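Got chain A; can you put chain B on it based on the hints?
Chain by chain, the residues:
Protein chains: 2
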Amino acid sequence: MEIDYKDIKVIGFDADDTLWVNETYFRDAESEFAQLLGAYETINTVDQLLFKKEIENLQLYGYGVKGFVLSMIESAIEISNGAISIHAVEKILNIGKQMINKPVEVLDGVEDVLKILSEKYKLILATKGDLLDQERKIEQSGLAKYFKYIEVLSDKKEANYSQLLQHLDVSPEQFLMVGNSLRSDILPLVNIKANAIHIPFHTTWMHEYVNEADVKGKSYKTVRNIKELTELL
Amino acid sequence: MEIDYKDIKVIGFDADDTLWVNETYFRDAESEFAQLLGAYETINTVDQLLFKKEIENLQLYGYGVKGFVLSMIESAIEISNGAISIHAVEKILNIGKQMINKPVEVLDGVEDVLKILSEKYKLILATKGDLLDQERKIEQSGLAKYFKYIEVLSDKKEANYSQLLQHLDVSPEQFLMVGNSLRSDILPLVNIKANAIHIPFHTTWMHEYVNEADVKGKSYKTVRNIKELTELL
Numbered sequence: 479m480e481i482d483y484k485d486i487k488v489i490g491f492d493a494d495d496t497l498w499v500n501e502t503y504f505r506d507a508e509s510e511f512a513q514l515l516g517a518y519e520t521i522n523t524v525d526q527l528l529f530k531k532e533i534e535n536l537q538l539y540g541y542g543v544k545g546f547v548l549s550m551i552e553s554a555i556e557i558s559n560g561a562i563s564i565h566a567v568e569k570i571l572n573i574g575k576q577m578i579n580k581p582v583e584v585l586d587g588v589e590d591v592l593k594i595l596s597e598k599y600k601l602i603l604a605t606k607g608d609l610l611d612q613e614r615k616i617e618q619s620g621l622a623k624y625f626k627y628i629e630v631l632s633d634k635k636e637a638n639y640s641q642l643l644q645h646l647d648v649s650p651e652q653f654l655m656v657g658n659s660l661r662s663d664i665l666p667l668v669n670i671k672a673n674a675i676h677i678p679f680h681t682t683w684m685h686e687y688v689n690e691a692d693v694k695g696k697s698y699k700t701v702r703n704i705k706e707l708t709e710l711l
Numbered sequence: 479m480e481i482d483y484k485d486i487k488v489i490g491f492d493a494d495d496t497l498w499v500n501e502t503y504f505r506d507a508e509s510e511f512a513q514l515l516g517a518y519e520t521i522n523t524v525d526q527l528l529f530k531k532e533i534e535n536l537q538l539y540g541y542g543v544k545g546f547v548l549s550m551i552e553s554a555i556e557i558s559n560g561a562i563s564i565h566a567v568e569k570i571l572n573i574g575k576q577m578i579n580k581p582v583e584v585l586d587g588v589e590d591v592l593k594i595l596s597e598k599y600k601l602i603l604a605t606k607g608d609l610l611d612q613e614r615k616i617e618q619s620g621l622a623k624y625f626k627y628i629e630v631l632s633d634k635k636e637a638n639y640s641q642l643l644q645h646l647d648v649s650p651e652q653f654l655m656v657g658n659s660l661r662s663d664i665l666p667l668v669n670i671k672a673n674a675i676h677i678p679f680h681t682t683w684m685h686e687y688v689n690e691a692d693v694k695g696k697s698y699k700t701v702r703n704i705k706e707l708t709e710l711l
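Protein sequences appear in the order of chains A and B. All letters in the first sequence, in the order written, are residues 479 to 711 by our numbering. All letters in the second sequence, in the order written, are residues 479 to 711 by our numbering.
It is possible that some hints are incorrect.
If several chains are the same, the list does not tell them apart, and a pair holds so long as it fits within one copy or across any two.
Here are the simulated DMTMM-like pairs of lysine to aspartate or glutamate, each with C-alpha atoms no more than 25 Å apart in a straight line [to be verified]:
(1) K600 <-> E651
(2) K530 <-> E613
(3) K626 <-> E597
(4) K580 <-> D506
Calculated from the structure, these hints are not laboratory results. Note that the structure is a prediction, hence the values are computed from the model and not measured.
Isolated chain A, as found in the complex:
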């Protein structure tokens, strides 16, 4: 589908797995967690039960590493029927600290693209997760200078984006969102009549998956690499 981007004034970028690596570290943590529970359940069952627990706790804890760690501890206790060792709980706490301390790995081509686009558009960063953790990543990435505004959202639903656009004083037609998650970065924008470009990342959290039927007929574009943005815009 050909989309015309001539009205765009503000471009919003998702951060995790759009500008830098994130989901990979969650997958690694889940794999370590499954090993800790190896005496009680198969890797596949542990993965499923942890995911269920994360979703159950989402309304309490929100997105981000801290809630993930709390859900891992709770899952470990439940999966093991309270037989898990205190040493394993200590290991889970350390998995979380290691995740928070991971150096930021900016994806290939990101800085060049942001530099070029920031000369023509107002760029903003819209991400979800732990506030402090996201601020740390933004600072470490060295990319903050390209963004006029940075917003950490508690969720990325239509209402969150509508509020953001209102706050930025920009109309949906003038706004383009770029991100890796169809559920969080693309569909809510299409639904409020804003623009969206999808850049898939090789790993996607199950919670961010959407059914094919949900995207059918929706007007957004998919590119394989962030570098293609400069040809489109």
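Showing chain B alone in chain A's frame:
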């Protein structure tokens, strides 16, 4: 000291322990925690060690309930030399969930004052803590309608406030902050030449205490109750 508020255009309100009860719930949680560790250390020592752990983890976890729970679990393991039961860890997780689920208790006089002041000034809310948790409290409090802008900050230092004022496009002389913490709501503002009014709450977290020497000669006002604001402004 007489302070003239005629230039004020924007008033920022702290939330926890200024608009609604918060610290009391942390004190209750600490007391429950100390009881869980009663076999290993005195209440006083448990309190001190937990506080030390919270400060140690502050740069990783930031403010809020989730980081507090993670610090309680880590402390419990250390204080008991790994002898704490899994059942106690479960109890700590539940203390945290209860804190998050606590109904919001708006302080006496708050709504009346906000209603009156919102007719004359632009009110904003500036709080720190977990993003989702603060959003939940703001929504439950029914006070959101009085605020033109709500910002959850990862910290409340001079740089955070300077950035906020810049974003709001307001000069320090035109800004007044109202809050219960000298360290977070008053001194940083005085230091950037903005205005501040201190409303002490009966309980203050040790981390928010400041030395008498730090406030000596600083230009801010203290009132005993939020209702006094309408006489001053």
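For this session: Please work out whether the CA atoms of K530 and E613 approach to 25 Å or closer within one copy, between two copies, in both situations, or in neither?
Result: between (28 Å within a copy, 24 Å between copies)
Problem set entry | Intra/inter-copy verdict for K626 and E597 if alpha-carbon distance must be at most 25 Å | Intra 12 Å, inter 31 Å, cutoff 25 Å: intra-copy only.
Problem set entry | Homomeric proximity label, K600 with E651: Cα distance no greater than 25 Å | Classified as within: same-chain Cα gap 14 Å, cross-chain 29 Å, threshold 25 Å.
For this session: Indicate which option fits the pair K580, D506 if close means a Cα-Cα distance not exceeding 25 Å: within, between, both or neither.
Result: Intra 12 Å, inter 34 Å, cutoff 25 Å: intra-copy only.
Checked against the numbered hints above, the structure violates none of them.
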